[in-house]
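J.: Now for the letters of each chain:
Protein chains: 2
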Amino acid sequence: MTVLTLGPEGTFSHELALRLKCDPIVLEPTIHSVFAGVAAGRGDGIVPIENSEAGAVGETMDGLSRYSLSITGEMYMPIHHNLASLVPLEKIRVIYAHPQTHEQCSTWLEELKEVPVIHTSSNAQSAIEAKKTPNAGAILSVSAAGIYHIPVIMEHVENNKENTTRFVKISKNPGPAPRAGKCSLLIDPDTDRAGLLYELLGVFAKRKINLTRIESRPSKRGMGKYVFFLDYAVNGSTDEAFSELESITTVRNLGCYPRIGVPP
Amino acid sequence: MTVLTLGPEGTFSHELALRLKCDPIVLEPTIHSVFAGVAAGRGDGIVPIENSEAGAVGETMDGLSRYSLSITGEMYMPIHHNLASLVPLEKIRVIYAHPQTHEQCSTWLEELKEVPVIHTSSNAQSAIEAKKTPNAGAILSVSAAGIYHIPVIMEHVENNKENTTRFVKISKNPGPAPRAGKCSLLIDPDTDRAGLLYELLGVFAKRKINLTRIESRPSKRGMGKYVFFLDYAVNGSTDEAFSELESITTVRNLGCYPRIGVPP
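Protein chains in written order, with UniProt numbering: chain A, 1 to 264; chain B, 1 to 264.
Okay, chain A solo, but in the shape it has when bound (with noise of 0.2 Å):
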């Protein structure tokens, strides 16, 4: 099956693809058109949904929202960031960094205070940067490092050893409903009704359902105006949830889906 996924090479998005041996692997500019890809009809899409240290991927996000795709599975990747550069630390003058990377990395980067940090707009144009430029260094995933040939000189210097990002599986068609796993649903309360939030989550309460995760994101209607995305584990009272979720206000399911290993 044809997998969409965020280049360049050497994403961490792309290194998820090749670990789960995605066959082909088709990099995609940015992750609205992996979306368009998988809505197209091109394959299925593996696109990052939240960070541990950064949270949710507002691009992703939004592209659920905006394309009628079902989440079909859910991968936990362990991110490490690491310092590559064709000098040694001691020479080293500038650094380029990714901004969510450098936000990633911020405690040891504030460590070396004379160095200066320049941002970037990807991973691989920190390392594109970095080659062409004297005495720099580019905070890159160890296969980026390898793909461009820098090679790493300081490794996991991220804030979090446990740090993790989240990806979602996204398909044209749902997937087979799971034993065990997770649903996640996009929920549009149209009107401002006060205590409406409080209402839809006793809807999971009085039920003993585990929502995993809530998500606010602008309904693009005007400032103040939110839609929100829930995350809930499977239960036996899930479909009954969903119906009662319906008759109170306007509501998308997006999918239930079980987690998928990834080798290392």
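Mixed in with the good hints there might be a few duds.
The list treats identical chains as interchangeable, and a pair is accepted whether it falls inside one copy or across any two copies.
[Unchecked claim] Straight-line distance between alpha carbons at most 27 Å, and here's what the computed DSS-like set of lysine-lysine pairs gives:
no., residue 1, residue 2
1, Lys172, Lys21
2, Lys91, Lys113
3, Lys113, Lys172
4, Lys161, Lys220
5, Lys132, Lys208
6, Lys220, Lys113
7, Lys132, Lys172
8, Lys172, Lys208
9, Lys21, Lys161
10, Lys113, Lys206
11, Lys225, Lys161
Since the hints were derived computationally from the structure, they do not count as laboratory data.
These numbers come from a predicted model, not from an experiment.
Fit chain B to the supplied structure of chain A, relying on the hints for placement.
T.: Relative to chain A, chain B alone:
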């Protein structure tokens, strides 16, 4: 009063500080350094907290969580993006844009199918690249286009004409209790107890306190563990609600504050 905000010259943060007649204005390289400067007593800060298209500003949410500062005001600024270029539209072969700016102008940019968009690390960087590249454009605010001396050749290319960014003023000490306005608080649920969020929202619902926003952020204690930012409208029973929340879980008052008008 000295006000610290995000630079370089021509950011929306800078434009807001100018419109509010803040003097002197100190431009900081990152939102984190605005927080650090306010915590060090160098002045008040002005930071973007959410945009009606792109959602929460993660770096600001994390700053509120990390530093013991107070929100002392909120400001709503309309955001307009424009195409600026030294050449007419039909000669443009590449457009530079910050990823968030791209996201906010995606509809118009997608219509220009044959013109690639290159992501930059800031709107200022877009201006610099557009000036040094032949036949290039940049997506900029009117004030940034003026500062970098690039003519605006097409106005208001944003997806949504109601595009608005909400900013907050942050101070070392809480402001006076406002007669009308909002309060913000940070809830750290510590435990994973099912139904806890439902119980917390009940504290507001039973007092008819209007919850205007709920935003989850990673707790940074591992994937799947979140803290919650809540905004609610001030009413007669907000103190009582806060005491009840404190009896249930760990909660921090981020301040009660008025809305500050933004001169055109």
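J.: When the structure is checked against the list of hints, which entries are broken? Sort them ascending.
T.: Violated hints (numbers, rising): 5, 7, 8 and 10; every other hint is consistent with the structure.
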